[in-house]
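Let's have the full structure, built from the sequences with the hints guiding it.
Here the protein sequences line up with chains V and P, keeping their order.
Quick note, the first sequence lines up with residues 66 to 398 if you use this note's numbering.
Quick note, the second sequence lines up with residues 105 to 190 if you use this note's numbering.
Simulated from the structure, these hints should not be mistaken for laboratory data.
Ideal Cβ positions, reconstructed from N, Cα and C, are used throughout, including at glycine.
Don't take every hint at face value.
[Unchecked claim] Beta-carbon label-pair distances, calculated as ranges:
| id | chain 1 | residue 1 | chain 2 | residue 2 | range |
| --- | --- | --- | --- | --- | --- |
| 1 | V | TRP374 | P | ASP170 | 33 to 41 Å |
| 2 | V | TRP374 | P | GLU118 | 34 to 42 Å |
| 3 | V | SER202 | P | ARG139 | 33 to 41 Å |
| 4 | P | GLU118 | V | ILE345 | 42 to 50 Å |
| 5 | V | ILE121 | P | THR176 | 30 to 38 Å |
| 6 | P | ARG139 | V | ALA336 | 29 to 37 Å |
| 7 | V | ARG120 | P | THR121 | 24 to 32 Å |
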Amino acid sequence: MSAEDRARRLVRCYPRSWRERYGAEFELLLVDDITDRPRAWRRTLDVVWSGARTRIAVAARAGADGPPDTRVRAGLGALGAAVAAFLALGIAIWSQLAVGWQWSAPSATTTRVAMMAMTAALVAFALLAALAVLPLSVAVARAVARRPRSAMTAGLAIALAGAAVLIAGSIHFGHGWPGTGGHPWADRDLVPGWIARPCWAATLWITSYWVHPHALAAFPTAELAWMAISPLAAGAIVAGGALTLRRTPLGARLLAHLARLALATAAVMGAFLAGASCWIVADGPATHGLFRVGAIDVVALAAMTAALWLGARAAARAVRAVRAVRAVGAVGA
Amino acid sequence: MPIRCLEIRAKDIEQFTAVRLSPGTLYEALARLERRGMIEPVPSEDRRRPYRLTAAGATALRAHLDAQRRVTGVGLRRLAARPGTP
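Written as structure tokens, this is what we have:
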């Protein structure tokens, strides 16, 4: 691969707005550096780390600039990305505990309370998602009917394909583990097995096994393939959804409705995080099996806290921008 | 006179501090300085964009260098006052 190709690939670590401003000059600097030092892993790490920091900084400022309706969309988009990351980690934790509860109820009261809080929060997430998806589906269907051959339709196809792969694979692999499939008690406790199983399988890739390659090598090939494919399918849902919604016309009333839901979503994220924190705090010598807290759970909790912070800021900005849209409308009227 | 960012990295920072800034770190600093209005790009036909200090940047740099000079002066005087210092 040429120095130019390597530089172009590294520049992609940065968000689009940054690339539009600095991409060309940064690429030249990278080409010079790569020519000077062809094999410098520190440079790669530095650029990847700097790109990630820039992406977080841009996400934290999303919705801070531009006209009000653009700010609402940017804020909602940033919240959507934060919720996606939050839910992937949250469902990984929750489904592990839900599966554990089917074998035996947790001994610590705090863990029981934590599970109930997380389960209630997930039900609230599902309700909020339904309230958002229903009007959005109508808007998307209208827009696709108007322009069937567009990037919007391509985005929708990507999202639907990702969802189909994730749902089918999660159901299939959910049945593949003796702890979740075919157990006589599998449907008797807090969360029915038919819900816990696919949730567990969908987030199987969020595991500390990645840093234990010898243990990972003992996994069946199909399961390893699923652990690689499932995050790609989840990413396709998020990327395809973003591509679709970015190009879908959304009226002021719908944006206001979504901004209200955004605030409620941030509150529910807080409730879920409180439940997960209870479980982490409850961990002790008496905790066994799937209820035991691992290092990956603590890391996930830290990442979820960061996602909540970004999401809450984005939701607040979306609400402020909606007020600005209304003010502009009132002045215009 | 405008200074290319490449020259800042290679000639100034590396020479003065013996530290070679990686491209990511350099551009993070560059973007931050531009956001704060300390430097500004100079129009150029080349894709390598030169930057120059703004008036605010020059004021901030002067204040920073003055503070450094005071710290250096105090440090050197105290070192000289130590018994046995040549």
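Results for each hint:
Restraint check, TRP374/V to ASP170/P: a C-beta distance of roughly 38 Å satisfies the suggested window 33 to 41 Å. For the pair TRP374/V and GLU118/P, the beta carbons lie near 37 Å from each other, so the given range of 34 to 42 Å is met. The hint said 33 to 41 Å for the Cβ distance between SER202/V and ARG139/P, and at roughly 39 Å that hint holds. The hinted window of 42 to 50 Å between GLU118/P and ILE345/V holds, with their beta carbons roughly 45 Å apart.
For the pair ILE121/V and THR176/P, the beta carbons lie near 37 Å from each other, so the given range of 30 to 38 Å is met. Take ARG139/P and ALA336/V: their Cβ atoms lie about 36 Å apart, and the range 29 to 37 Å holds. Restraint check, ARG120/V to THR121/P: a C-beta distance of roughly 28 Å satisfies the suggested window 24 to 32 Å.
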